[in-house]
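**Student:** For the record, the sequence lines run as chains A and B.
Those letters in the first sequence? Residues 1 to 291, per this note's numbering, in order.
Those letters in the second sequence? Residues 1 to 444, per this note's numbering, in order.
The set of hints was computed from the structure by calculation and includes no laboratory data.
The reader is advised that the hints may include incorrect statements.
To be verified - Partial list, derived from the structure: chain B residues whose beta carbon lies under 7 Å from chain A:
hint : residue
1    : 197
2    : 244
3    : 268
The structure displayed is predicted, hence computed values, not measured ones.
By construction, the Cβ of each residue, glycine as well, lies at the ideal position given by its N, Cα and C atoms.
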Amino acid sequence: MLSWANFGSQLFNGLALGALLALIASGLTIIYGTLGVLNLAHGAMFMLGGYTGYAAYQATGSFLAGLAAGTLAVGVLGIVLERVIIRHFYKRPHEDQLLLTFGLAIVFVEVVRWYFSSESKTVQTPQLLSGITNLGFMFYPTYRLATVGICAVALLALFFVLYRTRLGMIVRAGIEDAEMVDSLGINVDRVFMTVFGIGAMAAGFAGFTNAPIVSLAPDVGEQILVQTFVVVVIGGVGSFPGAVLGGLIAGEIISLTSMVNPGYAYVMLFAAMTLVLMLRPHGLLGTKGRE
Amino acid sequence: MSKPELSRRMLLKAGATLAATGIAPGFFARSAWAEQPPIGTWPAGVQGKEVFIGVAVPRTGSYAEQGEDELKGWQLAVEHLNSGHELMRKISPRTKKGVQGKDVKLVVADSGAKPNDAVQAEQRFITENKVVLMTGSTSSAVAVALNKLAQREKVLYTAGISGSNDTTGKDCVRYGFRQNFYGETAANAIGPVLLKAYGKGKKMAFMTPDYTYGHTVTKSMSEYLAQHGGWTMVTNQVSPLGATDYSSYLTNITNSGAEVLLNVNWGRDAVLSTQQAKQFGVIPKMKLAIPYQIPFLAKNIGAELAEDVYAATDFWWTLEDKYPLAKMFVEEFRKKYGYNPEWGAENAYMSIAMWADAVENAGTFYPPDVIKSYEAGRKLQSMVGEVYLRKEDHQLVRPVVIVKGKAPKAMRNKEDFWEVTEVVPGAALMQKPDAFGCKLGDYT
Numbered sequence: 001m002l003s004w005a006n007f008g009s010q011l012f013n014g015l016a017l018g019a020l021l022a023l024i025a026s027g028l029t030i031i032y033g034t035l036g037v038l039n040l041a042h043g044a045m046f047m048l049g050g051y052t053g054y055a056a057y058q059a060t061g062s063f064l065a066g067l068a069a070g071t072l073a074v075g076v077l078g079i080v081l082e083r084v085i086i087r088h089f090y091k092r093p094h095e096d097q098l099l100l101t102f103g104l105a106i107v108f109v110e111v112v113r114w115y116f117s118s119e120s121k122t123v124q125t126p127q128l129l130s131g132i133t134n135l136g137f138m139f140y141p142t143y144r145l146a147t148v149g150i151c152a153v154a155l156l157a158l159f160f161v162l163y164r165t166r167l168g169m170i171v172r173a174g175i176e177d178a179e180m181v182d183s184l185g186i187n188v189d190r191v192f193m194t195v196f197g198i199g200a201m202a203a204g205f206a207g208f209t210n211a212p213i214v215s216l217a218p219d220v221g222e223q224i225l226v227q228t229f230v231v232v233v234i235g236g237v238g239s240f241p242g243a244v245l246g247g248l249i250a251g252e253i254i255s256l257t258s259m260v261n262p263g264y265a266y267v268m269l270f271a272a273m274t275l276v277l278m279l280r281p282h283g284l285l286g287t288k289g290r291e
Numbered sequence: 001m002s003k004p005e006l007s008r009r010m011l012l013k014a015g016a017t018l019a020a021t022g023i024a025p026g027f028f029a030r031s032a033w034a035e036q037p038p039i040g041t042w043p044a045g046v047q048g049k050e051v052f053i054g055v056a057v058p059r060t061g062s063y064a065e066q067g068e069d070e071l072k073g074w075q076l077a078v079e080h081l082n083s084g085h086e087l088m089r090k091i092s093p094r095t096k097k098g099v100q101g102k103d104v105k106l107v108v109a110d111s112g113a114k115p116n117d118a119v120q121a122e123q124r125f126i127t128e129n130k131v132v133l134m135t136g137s138t139s140s141a142v143a144v145a146l147n148k149l150a151q152r153e154k155v156l157y158t159a160g161i162s163g164s165n166d167t168t169g170k171d172c173v174r175y176g177f178r179q180n181f182y183g184e185t186a187a188n189a190i191g192p193v194l195l196k197a198y199g200k201g202k203k204m205a206f207m208t209p210d211y212t213y214g215h216t217v218t219k220s221m222s223e224y225l226a227q228h229g230g231w232t233m234v235t236n237q238v239s240p241l242g243a244t245d246y247s248s249y250l251t252n253i254t255n256s257g258a259e260v261l262l263n264v265n266w267g268r269d270a271v272l273s274t275q276q277a278k279q280f281g282v283i284p285k286m287k288l289a290i291p292y293q294i295p296f297l298a299k300n301i302g303a304e305l306a307e308d309v310y311a312a313t314d315f316w317w318t319l320e321d322k323y324p325l326a327k328m329f330v331e332e333f334r335k336k337y338g339y340n341p342e343w344g345a346e347n348a349y350m351s352i353a354m355w356a357d358a359v360e361n362a363g364t365f366y367p368p369d370v371i372k373s374y375e376a377g378r379k380l381q382s383m384v385g386e387v388y389l390r391k392e393d394h395q396l397v398r399p400v401v402i403v404k405g406k407a408p409k410a411m412r413n414k415e416d417f418w419e420v421t422e423v424v425p426g427a428a429l430m431q432k433p434d435a436f437g438c439k440l441g442d443y444t
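With the hints as constraints, model all of the structure from the sequences given.
**Tutor:** Here it is in structure tokens:
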């Protein structure tokens with residue numbers, strides 16, 4: 001299967017996979033970087049974005065309404081969770097936070113299973129984006145092509161918020177040293193809430209964007225969560241550019257390895273993570289001192 | 001707690017006295033436990049008014065939809081056993097009501113198609129319910145694991161859906177049985193059909209789930225087509241069970257130059273990979289074939305995608321036009337559940353009926369005797385005509401059904417996806433009993 005044509009195709013496919021991974025990972029990484037909470041419910045939020053979007057899409061017939069509903073609903077859920085439950089755990093040990101978010105994930109998955117059943121739901125590709133596009137070197141599903149653009153736009157929006165706004169400046173400062181930010185008289189509490197909401201929104205947005213590609217099932221978040229962790233570790237915990245870089249690298253590793261032997265795609269992904277951990281324990285773009 | 005114990009002891013003493021004085025020797029000679037040592041859950045599991053069957057079936061994960069259908073098959077079978085329904089008595093002629101006069105109950109756990117979870121659940125059923133039979137699996141990885149558990153615990157196991165050659169091949173056990181078709185019989189049945197439809201010397205691509213089922217089906221299928229039709233395998237895309245994104249596999253297939261795509265993926269994986277194959281334009285550029293039919297595939301991918309696709313299967317409901325037992329089964333099932341049964345339900349029903357037949361003919365639940373009764377080679381009636389169990393590997397010799405996807409216009413109702421083109425007799429489809437390394441192991 002080694003040919004230039006296939007190499008080009010897989011290279012592109014890796015980009016498409018990577019863009020989505022980058023988007024999900026960026027939500028996870030900014031939450032962890034700012035709040036210090038490793039959110040194991042991130043995969044479940046990805047799944048919830050898909051399902052709420054699906055419900056809205058079914059009700060209104062509009063893909064955009066679905067996308068908006070999926071994003072906002074999960075964003076609101078994130079804020080509520082942070083206010084009601086998660087903030088009480090900031091001072092608690094990491095183990096407690098892991099158990100809490102893991103438990104929340106189970107609850108979300110089972111509630112969705114109870115309401116929507118275990119059977120997978122197909123989310124129709126919007127009419128405008130259905131079909132196949134000829135890229136010259138390969139044929140690629142139009143919708144998947146569009147997701148590259150959609151993810152890029154979303155990542156740019158996140159970039160803008162993080163690097164061009166006052167809020168972003170506080171968030172980035174918080175990632176480096178939350179205590180200092182607090183002592184400068186900034187309401188860290190509110191920032192934390194906002195960050196959790198934004199991170200959740202990114203997951204919800206990605207969840208619905210991904211839905212027409214793979215269809216929905218209650219456990220769709222579990223698999224993606226593992227890959228997302230790998231992305232965050234490779235890119236550097238707490239680093240937004242790291243999440244983007246890590247996402248693209250992970251996408252390419254999966255795609256290019258499967259060109260040689262698909263059975264090894266995930267093995268290679270974990271091998272790459274191990275290598276990064278050995279050579280740069282803080283990830284490619286992470287810095288020492290961040291946890 | 002102490003009172004019943006006392007009275008039981010008294011009863012035993014009284015019994016022993018009776019036996020010693022020779023008043024009731026016939027009674028004790030006929031009672032099996034007086035002469036046979038306990039084995040597995042016997043006789044503990046058969047001393048009450050009811051006996052339990054332990055079911056480990058996927059109700060979550062990639063095979064959940066197929067698991068639910070299977071579960072309904074088991075439930076209907078148990079209901080028919082307990083009421084002595086006519087259909088059950090047609091398959092198991094000695095059945096009256098229940099099994100050996102005892103009511104049969106199911107205990108059910110979700111396996112998620114994971115071998116570990118399935119084994120844990122069945123182990124619990126053995127300890128807590130003293131189950132006399134285990135069943136379940138919608139994945140051969142589970143079937144193989146439960147085979148091993150059955151042999152170790154000396155509790156009978158009849159496989160649910162399991163397509164791997166290994167289940168009654170290298171991983172066969174004395175305590176395990178399989179009703180349904182599998183890789184080798186599927187390949188030998190659908191192979192000639194594919195050669196006839198698409199000609200010789202084609203290039204084929206496979207999509208294979210990475211476990212015993214996938215590998216053995218792909219092997220049987222590709223070897224048949226290579227040997228009999230000179231087909232060459234240009235790529236085999238192996239993916240983990242539960243994969244959701246098939247883009248990199250499909251990219252390889254697109255660039256492989258294959259003419260026929262044989263999708264061995266199963267359950268939701270088959271649905272997703274087939275849908276994505278269409279998104280990538282692999283279908284209709286390549287012809288799709290399904291060596292091992294997936295229940296509800298056509299419903300999920302849509303009739304347009306399934307049109308003209310050949311698949312090998314255990315059962316399809318329109319066989320009711322041909323076989324009276326199929327008609328009874330489909331009608332009973334539809335009445336209770338509101339849709340036509342898939343082959344998972346048929347396999348589930350039939351395997352319980354076969355067990356009942358074996359027990360009734362043995363006249364006891366004593367596992368070694370039940371096994372010998374299974375092995376007696378009695379001809380049984382089934383939803384696809386006469387069948388019998390092969391004693392050398394505990395595989396049912398039964399036909400394989402070939403179906404072809406109907407055009408949406410040709411469908412008579414919304415579940416009329418497939419047309420049965422052939423019912424291929426089973427005996428000639430099977431490998432020699434020892435060809436896949438089956439050694440059954442001990443009775444005790």
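**Student:** None of the hints should be skipped; say for each whether it holds.
**Tutor:** Structure-based check of each hint:
no.: 1; hint: 197; verdict: violated (26 Å)
no.: 2; hint: 244; verdict: holds (4 Å)
no.: 3; hint: 268; verdict: holds (5 Å)
Of the hints listed earlier, the one the structure fails to meet is number 1.
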